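Chemist: Protein chains in written order, with the numbering used here: chain D, 1 to 386; chain W, 1 to 520.
By construction, these hints were calculated from the structure, which means they are not laboratory data. A hint or two may mislead.
[Unchecked claim] Selected chain D positions facing chain W (Cβ under 8 Å, derived; list incomplete):
(1) A175
(2) A178
(3) D236
(4) A237
(5) R239
(6) Y240
Bear in mind that the values here come from a model prediction, so they are computed numbers and not experimental data. Idealized CB from N, CA, C, for every residue including glycine.
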Amino acid sequence: MLDFFVKYPRLGRLFDMLLPLLATLAALGVGAIMLQLLGANPVTAYGALLQGAFGSQNALADTIVRATPLLLVALGICIAFRAGVINIGGEGQLVAGAILGTLVGLMFPEAPGIVIVPLALVAGFIGGAIWGGIPGLLKAYYNVNEILSTIMLNIIAVQGMNYLLRQPMIDPAQAQLASRIPQTARLAQAFDLPRWIPTRLHLGALIAVILAFVVYIFLWRTTIGYRIRAVGLNPDASRYAGINVKRNIVLALLLSGAFAGLAGAVQVYGVHHRMFTDGSLAGFTGSAGFNGIVVALFGKLNPIGAIPAAFIFGALIVGANSLQRAMQVPAALITALNGLVVVFVVSSDYFSRRLARNRRTGAETPAAPPKSTLPPALSIEGEASQ
Amino acid sequence: MTTELLPSGTARIDHMEMRGITKRFPGVLASNHVDFDVLSGEVHALLGENGAGKSTLMKILYGLYQPDEGEIRLNGEKVIIQSPADAIHLGIGMIHQHFMLVPTLTVTENVALGLKSSRGVRTDLEKVAARINELASLYGLKVDPDALVWQLSVGQQQRVEILKALYRGAALLILDEPTAVLTPQEVDEFFVTLEQMKKDGHALIFISHKLHEVLQLCNRVTVLRDGQAIGTKTTTGVTKQQLAEMMVGRPVGMQPHKAATEVGEVRLSLRDVQAQSDRNHAALRGVSFDLRGGEIVGLAGVSGNGQRELAEVVAGLRPVSGGGIDLVGRPIQGKSPRAVMEMGLSYIPEERMRDGVIKDFTVSENLILREFDLRPFARNGFLDRGAIQHNATDLVKDFSVKTPSLETPVKNLSGGNIQKLVLARELSRKPQVIVAAQPTRGLDIGATEYVHARLLEQRELGTATLLISEDLDEILALSDRILVIFQGKIMGDVPRAEATPEKLGLMMAGEKQADVATTS
């Protein structure tokens, strides 16, 4: 099959672009076997999935609402990965942004929404930037592995959130009750992001899409973006060209965290209108901080590509939930389906590289295999023999 | 059939023949019906530019690749060589350009590595050592079997590689650019060994692009170009010029034309410069010299004697631990690479793929790598695509960079074209001083000629150039003065007219200029 695409390079490139989609379908194929084993008819099940994701105005709106934080996190991931740093800290950065954003709303309940909402979103951006900037500084100046430090900061963020929501930030009404549910008071209605009544679709989706284009322009049309990409692709040559590599690593992680933080603030003001916790990370974030990484890879680390990628992933999450309700299959199956998609998408990068290598011409001998489009830690190494 | 034995006890390979060897890689015909043979008792050179198909052909002979068509015959019998193990079993050995030795093991242990022992899992190292001594005395390959490999010089390490091959019963040896890492004196010793092996009936294949070595050592030479065998000649009736033209396929000028120039004021001045290597050893131990406008000063030396550190110190990439450097009269210590660059330094780095370009960036993006945030390429933090395109169009034309488009990633260009791109970027800045580190390493004749012409053009424009090279021929062809570096010290400063390869070679091996002058 690979030979075929070598003969027709243009088809090969199209295949490259569609590869994440094909990977998703392959994952769903494996999922079908699992459904069959659980005694559910895969056709009916996937029918329910499509119905749940796209079947009505409300379903479609939910899909987009679900996709919004994924897209925002993915934009940040694009920046970090393009700079060659791996940010696994989206969850913690999202929480940090949500906390700072929520604080703004709680502190000025009487202020007009037109002032508070932008301020809160900026606060979210800053909260995430701080949480991303810390591993950036550690990486650049103390050579601390950013994968470890971002994961550790996820844990610190969730425990910080648990403390804040149980003690200082707890809803005063809950503080009176024995149950003491760890959540803040509902923010003033004036602060709700504008919604497209009667659905749950809110302004955050539009903000995310606009920012995708902004990030694209940032990365490919500005000098800072040029520096970040140069540092990511070849730190040695960047240093030789006079670029400050350390500073750009910090900047990339800081911006990466900022977008995750913004996603947190958008979730608070657009969806939940308060912060809450069930003690774990996923309780508030819905794992958007992790899934955003997959969305970014799905979109080939291109901010524009992340838009459809987020939409598809949002649809998968929303649709899988209705599949689970309709078919009464165990909830774990949904997690498994998501996991399958991740594995298939990440693995598909391998085929993409094989193709790219076979398309190369002019070399006397097949040179070293072309580098993965993914950062080293995420690419699948090991090549089949010639 | 009966075959004679070599002094080492292995059966001779009287005749090795490769017939109609064809090998395709996707999009490339790396070897196109190539015939090649070698006889016992001769050295047959395989000559060709990068990408001509030399390595492919030899990798097929050594079992690393399988040919798509064609056959290999040893002493008239067809053989199938599916792996290096098969090749070794048939008496074929290969000395790679980069040695395959474990530095922390002894010579004996390195030779024994991977051998089956007669005593099961235990090795019998004494036997191996005895055999090494026996082979070493047969071929004049003096080396201490108990020495640790990392303590040996490059020349000695090469002897270990040859011993390894002989130990495994090699009757035919493939030598892949064996002289690239040696000083002229080491090359002479090495040739004595090869002459001895030849006389004893070994068959030797010598891969090289150094024409004078080919003519000195080899009996026959086969030239490859674009995967095809252009011709096989006996070395007695052929000149360097003819061979070069066979390699390139067009007439070439062997000596670059050097115009007379006026030497100007001092542009770069080093005074007792000291610096540490990456491993915190003293890499530069008091280097002093001046570089003037309009001259090319060659820095000769065996690899790893401080050349890299010297280049990096001048470019502001490595801090000095003592001494001072002035660029156009201003000190550069403590300045960032960026500041040094803006003071008028252009730098052609040794490792062009690692330090010179970003291979996933496009041609036009790479051409602004030095000045992407300066006008006209940037305005208010935004890149000006028009100006970037315009710059790329001009430079690609001026420096005849062959590229499908300006938006092609640089990794898809050939080595020569990538170096042209680096030159275009560095020279178009109208530098005061150029540091060119190994500017033609790995380039073919055409690209080398081009780089030389461009450096000489800069000389005529009055630029000061420091040419760092391990290729003495290149140094001699371009330089006005030659400095020789050995273990971080300048051993001598020789005007071109007084420089000979022998003299420089002695200094490269650590003799002071004064001593060399008295002995020669």
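Chemist: Taking the numbered hints from earlier one at a time, note which ones the structure violates and give those numbers from smallest to largest.
Modeler: 1, 2
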